[in-house]
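Chemist: Chain by chain, the residues:
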Amino acid sequence: MLDDERLGRFKLVVMPHLDAAYNLARWLTRNEQDADDVVQEATLRALRGLDGLRGDDARCWLLTIVRNTCFTWLRRNRPGETLPGPQDDSPGVPIDTLEPGAILEQAARARGVREAIDALPVHYREVVILREMEGMSYKEIAQVTGLPPGTVMSRLARARERLHESLAPLAAEES
Amino acid sequence: MQCTETLDLAGAYADGELDLAAGAQVARHLEQCPQCAALYAQTLRISRAAADPGLRYQASDALKRKVLAAASKETRTPDRNVWRIGPRWWAMAAGLALVIGAAFIVIESRRVLANDAIAGEVVSSHIRSLLANQVDLVQVPSSNRHTVKPWFAGKLDFSPQVPDLGAEGFDLVGGRLDYIGGRPVAALIYRRNAHIINVFVWPHTSGPPADGRARTLQGYNVASWTDGKMDAWAVSDLNGAELQELASLLQSAEKPATAPAMK
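Residue numbers (the working numbering), protein chains in the order written: chain L, 247 to 421; chain H, 3 to 265.
In short, the hints are calculated from the structure, not lab data.
Any given hint might turn out to be false.
[Unchecked claim] With a Cα cut of at most 30 Å, we get these calculated DSS-like pairs of lysine-lysine:
1) H/Lys157 x H/Lys231
2) L/Lys385 x H/Lys66
3) H/Lys66 x L/Lys257
4) H/Lys75 x L/Lys257
5) H/Lys68 x L/Lys257
6) L/Lys257 x L/Lys385
7) H/Lys231 x H/Lys151
As the structure is a prediction and not an experimental result, all values here were calculated from the model.
Build the full structure now, drawing on both the sequences and the hints.
Modeler: Rendered as structure tokens:
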């Protein structure tokens, strides 16, 4: 591929998804500067690997690179965060369901939800970001994270449970 | 359907990830089980809350500029990009190199073989000319180049240069017709001290030209050269360095070569 052609393709394929890339990196690193660094590294990797993209979904492809760059970065800089907890993928136990009248929507106003997501272990956080913010299918999430689709489903369920647990008291307080 | 199953499936159902049959099963269970129905409602609420566009982070303009600048720089650093061509191009380049290499070897070996054959004939002819006597060696005995050169006219389809190199220590002895490589050629005989030197000259018409390589066959030194129009071979028991000296002298004297047949 010629250099000009390569740069043109980069602008066409990578740049439209830069917000998605940054959003994922920002949520996974939980830090603005680190997210900047990760995105810059990931986009360079994407540029070098442009030939590997053949008719795949460009966003999925780019987010896979960003996700892997994030995890490499986390393992190097915050190794504790990437260790899966012992009960991470264990089957769910039915929990006490929230009283129907709970006004979660009120508590769900940005800050509470933001903090709740930030508090999730990174393996839960990534599936929440990809599903809720990027609207990705389980199949796409499986591709980006390298997890089996079944694990994507159970992790997402666990993650939502945890979000519910941390948001429920907040909802109760506000009511 | 068990509630434990529904716990995961309720999420998948909310996300529209279940096929029709499984979806119908979950829907039926949700109707019958208030606990799971509440769980489902909870999943929808959490999902909606997390999907709030206000939660998204956006790449700053500064970051976008940095990314673009880095990409431009990366695609414009030639020495780094040279090695980043695709595997197909590497394969093609390797194949091309192989073909060129093979062609080179074939052409080169053909050239060497053809030249080796000529060198053999040159040495044989030289020995034959020395075996008998001066009559066989020299058909036109003359140290005068103006006698030797016209002698060839009418006997050959080309007119060889006959330089006078007496000043350089190579005395012209005379000339002779000979037959090398399937054609009549001019043989010029020079002498340095007691050493007889045969110089064979003919126009280059086909096949590989003289390769200029110094050879030693049966104790005789052989030198060759070409100017693209005329091939020349010198053979003698003279040492290789002095024979090369003669070769260089003749080569510089030969210009311009007269080859009427070629004009």
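Chemist: Check each numbered hint from earlier against the structure, then list the numbers of those it violates in ascending order.
Modeler: none
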